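Mapped onto the numbering used here, the consecutive letters of the sequence shown carry residue numbers 1 to 93.
Just so you know, these hints were derived from the structure itself, not from any lab.
All clues given are correct.
List of simulated lysine to aspartate or glutamate pairs, EDC-like, C-alpha gap at most 20 angstroms:
(1) K7 - E25
(2) K7 - E30
(3) K21 - E8
(4) K73 - D92
Per label pair, the in silico range of CB-to-CB distance:
(5) H51 - E25: 44 to 52 angstroms
(6) R52 - A72: 14 to 22 angstroms
(7) L31 - A10: 17 to 25 angstroms
(8) E8 - V29: 18 to 26 angstroms
As the structure is a computational prediction, the values presented were derived from the model and not from experiment.
For glycine and all other residues, C-beta sits at the position ideal for the given N, C-alpha and C.
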Amino acid sequence: NAFILHKELARSRGDVPLNQKAFRETLVVELAKVGSANTTAEPAPSLSCHHRPVHISGHSTLGRLRCRLCQAKTPIKCATCDVPLCFIPSRDC
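With the sequences and hints as input, model every part of the structure.
As structure tokens, this is what we get:
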């Protein structure tokens, strides 16, 4: 483990090794410096009101298409994108 390697390396250099608590604290600080890159998060896609579900046909089983996500047959699609998606209580893709 890293603490044992630290002790062996410090002794081989003639240094006094840190105790386990100090080693862990130093390790946490160094890892926090590495992981704190200033990255901006991608903005979430806007959920506009232009997307609305519509029935593909007036008949419940006629004209159904495969859902883009789960591949089940669905009678509903997005009016804007023309993408079939499940929009029923048992499957809400």
